[in-house]
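Let chain A serve as the given structure and place chain B on it in line with the hints.
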Amino acid sequence: MSHVMRPDGLDVLRLRQDFPALHQYINGHQLVYLDNAASSQKPKAVIDAITHVYEHDYANVHRGVHTLSQRATDLFEGARAKVRAYINARKIEEIIFVRGATEAINLVAQSYGRSRLQAGDEILITAMEHHSNIVPWQMLCEQTGATLKVAPMSQQGELLLDAYADLLSERTRLVAVTHMSNALGTLNPVKDMIALAHARDIPVLLDGAQAIPHMAVDVQELDCDFYAFSGHKIYAPSGIGVLYGKEVLLKAMPPWQGGGDMIRQVRFERSEYAGLPYRFEAGTPNIADTIALGAALDYVQAIGIDVISAHEADLLAYATHKAEQVDGLTLIGTAKHKGAILSFTLDRIHPHDIGTILDQVGIAIRAGHHCAMPVMDFYHVPATARASFALYNTREEVDKLIDGIEELIEVFR
Amino acid sequence: MLEHIRDLYQEVVFDHNRNPRNFRVMEDATRTIEGFNPLCGDRITLYVKQEGDVIKDVSFQGQGCAISTASASLMTEIVKGQTEAQAHELFELFHRITTGQDDHVNLEGLGKLAVLAGVRTFPARVKCATLAWHSLEAALKEDAEVASVTTEE
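Protein chains in written order, with numbering that gives the first Met the number 0: chain A, 0 to 412; chain B, 0 to 152.
Keep in mind the hints are simulated off the structure, nothing from the lab.
No experiment lies behind these values; they were computed from the predicted model shown.
Fair warning: there could be bad hints in the mix.
To be verified - Across the chosen pairs, the derived CB separations fall in these ranges:
1. 134(A) - 13(B): 33 to 41 Å
2. 258(A) - 29(B): 49 to 57 Å
3. 26(B) - 258(A): 55 to 63 Å
4. 10(B) - 84(A): 55 to 63 Å
5. 29(A) - 26(B): 50 to 58 Å
6. 215(A) - 123(B): 32 to 40 Å
7. 98(B) - 198(A): 55 to 63 Å
8. 28(A) - 17(B): 21 to 29 Å
9. 108(B) - 346(A): 33 to 41 Å
Unchecked claim - Calculated from the model, a selection of chain A residues having no Cβ within reach of chain B, i.e. all distances over 12 Å:
10. 10
11. 77
12. 247
13. 328
14. 381
Just so it is clear, CB atoms sit at the ideal spot from N, CA and C, and this is done for glycine as well.
Next comes chain A alone, as it looks inside the complex (with noise of 0.2 Å):
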């Protein structure tokens, strides 16, 4: 492989040399690992991470009086304070970890909706969501009576503000909306639509699974309410993430899971609940896997967010550039605003086909609905291949898929 030296300075050979994952032979192919938005590759100093805790450092937090539970809690608050600086979150009460997005909007959903939504309120989302940023509404919707509405997009991939803001009314409690899109790429104008709904007293959960590997995230310059994100696609384990949400709303919404560690004392008459963030925290967390997602964001950090950014970018536009070229391509998803993501479909040739063979020359794309199933919809396709881009993606690795996809278009003519 070539050694590739960005202008801003990113050496991805070198940090290649980070992740061992990337470095083995599929189907006798050296693996071009281009799932990202699925799901990123750990770099050895995450896997270290959750060596060390478990050979050094574990035991259960925030009960024991013993050293090992002291340390382990001292890594595990160390964590919730990297994340906090990572968001730039005013305080670490506002850090609640969770499994990971999913869990978050659920838990935004049960605690702070359910607890203030009815009959005859709205919930906004937009045509883009993933899954999980629906069937939590769709949930909260049987359960108080509240209806779900969902903001249009142009056949670009990109919200249709105007249409948006016609969609905020007086009966509007909460907006819930992708920072950025998983099956499309598309970023949406969060600060607007934050303005926008703020100018009628509306909260604004933003789902930042995708945009959080990709961007800068500052919660307060967006002044979102809540922001959801996964510790696995920024480099972290899988089964980690965290819900930030502003301290005022958190503080209002009643717990959601009941059990250890989120009370402050139980009586059988009644039990009273611990404060932030631990009220929402109830059992033992996943501890090593939560100062592991310390790790990953020291990782990322020690690079630079924007350093990344910039070379996705560049992939981004080098990667679309050559599949504009290929005969019987079609983008799905082609938002002036986009982070690194490339979905596609081929002429007569379904997804899963593209997927399965491509793998036999080491490339991993995701080929399916992305959990965005409303999305393919809106396309009138059953599925879309997808290839997304993470920090340690090279140009040389956008011209193998090109040149694979070549290929299989000859094997399917």
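Structure of chain B alone, referenced to chain A:
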């Protein structure tokens, strides 16, 4: 590039994918069933016309990958004229072979379907090959309430 892939994508598969047989709506079907693979979103509508326990005619519509389209196309060719029991037996054999439950692969018993046996080394694609068959099984079941079937129970 693609030697192993030829085990799965044989010329017969490409042929049936390009020109699926019995790819039509059947107005006088005695049973119509929607087959759905929720994991990938593929859908098939299967039409069956039975006379007694004989499958007089069978056709399908839908949008799927080459494997599911070819499998459905081959199935309609093969089961036409068979009895329910024969079709069921073939389903059982096909299912055992594609899911790798049968180490002693009786490819001869599969006839033309043998071209799809290669799918067993592609676990992620087995359901593509069996979607049409699950649909047929459901259509042939006595239970007239069943109007749709999925690959995920």
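Hints the structure violates: just list their numbers, smallest first.
Violated hint: only 14; rest satisfied.
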